[in-house]
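Novice: Sequence:
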Amino acid sequence: MIRYLVFIFFFIFFVLSCSKEGCTDSTAENFNPNANTDDGSCTYPPDLLRINVNSSFGSQDFFLDSVYQTDEGYFVKFTDLKFFITDLKNGTNTLIDAALYDYRETQNKLFNSAGDFLEFESLTANIGIDSSINHDDPSMFPNDSPLNISNAGLMHWGWNTGYIFISIEGKVDTLSSGNNFNHNFSFHVGTDQFLDSVAFDNLIWSPTEDGHKLDWSLDLKTFLNNPLSPIDLKNEFLTHSGSGQLLLAQKVKNNFLNALTP
1 MIRYLVFIFF FIFFVLSCSK EGCTDSTAEN FNPNANTDDG SCTYPPDLLR
51 INVNSSFGSQ DFFLDSVYQT DEGYFVKFTD LKFFITDLKN GTNTLIDAAL
101 YDYRETQNKL FNSAGDFLEF ESLTANIGID SSINHDDPSM FPNDSPLNIS
151 NAGLMHWGWN TGYIFISIEG KVDTLSSGNN FNHNFSFHVG TDQFLDSVAF
201 DNLIWSPTED GHKLDWSLDL KTFLNNPLSP IDLKNEFLTH SGSGQLLLAQ
251 KVKNNFLNAL TP
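With the first letter of the sequence shown counted as 1, position 187 gets the number 187 in my numbering; the numbers rise by one all the way through.
Please note that a few of the clues may not be correct.
[To be verified] Below are the EDC-like pairs computed for lysine to aspartate or glutamate, each with C-alpha atoms no more than 20 Å apart in a straight line:
1. K109 x E209
2. K171 x D97
3. K109 x D232
4. K77 x E209
5. K251 x D219
6. K213 x E236
[What the hints assert, rightly or not] Here are the in silico distance ranges between beta carbons for each label pair:
7. N90 x N180: 23 to 31 Å
8. D210 x G158: 19 to 27 Å
9. N182 x G91: 48 to 56 Å
Simulated from the structure, these hints should not be mistaken for lab results. Bear in mind the structure is a predicted one, so any value in this text is a computation, not a measurement. Cβ coordinates follow ideal geometry from the N, Cα and C atoms, glycine included.
Put together the whole structure using the sequences plus the hints.
Specialist: Here it is as structure tokens:
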């Protein structure tokens with residue numbers, strides 16, 4: 001009996017001495033290769049969340065400087081496509097404060113940000129900059145902020161006027177020859193009165209190697225040929241949101257919001 005108890009004692013002692021608790025998941029930040037018993041202490045890096053804006057012209061892939069045909073028969077090519085999105089959040093959970101979409105620089109990428117995708121199954125955001133900061137000195141924002149003048153660049157009009165919220169530029173051939181792109185168009189929507197918002201619900205994030213992503217769509221044909229308010233590039237080709245250009249600025253803003261979908 002005594003031998004049996006001694007055997008049990010040494011067996012338990014051996015098991016306990018060989019057992020080392022810790023994080024045993026090799027994908028965790030605090031993985032312990034010497035641990036053989038998981039103690040539930042594993043910690044993981046936050047997801048890298050990415051939102052893409054996949055631009056198109058109807059059923060065609062979209063590229064700057066490529067030629068497309070409008071419903072009026074005009075040939076058009078876009079040379080600039082930019083917009084600001086700010087205060088992207090779900091309730092009290094903020095995903096990002098600001099992002100600048102610049103197709104020529106990043107094509108479909110809107111932004112990357114660390115976060116938990118489960119907290120962002122719905123999103124609201126401003127297209128543009130809230131009046132509380134739209135007139136701040138753009139050089140005073142953090143260097144890595146899209147609102148800093150070094151990053152905003154030509155998307156800022158000047159300290160008093162503020163930021164350009166939406167910039168869409170290009171050239172159009174209204175003679176339908178396809179080779180006479182001598183008619184420019186420039187849509188710059190900004191100023192406090194043209195701040196607007198979007199709200200997307202029931203979002204489905206797709207897994208990636210390092211997190212999750214959302215793919216939004218921006219249809220430039222829908223932008224131009226909105227059935228409720230089409231833009232005729234022959235006659236409606238310039239707005240900087242100033243006096244005498246407000247109706248076209250409103251149309252550009254509304255059509256843009258209608259063309260941007262989750």
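Novice: Sort out which numbered hints this structure fails and list those numbers smallest first.
Specialist: Failing hints, ascending: 2, 3, 4, 6, 7 and 8.
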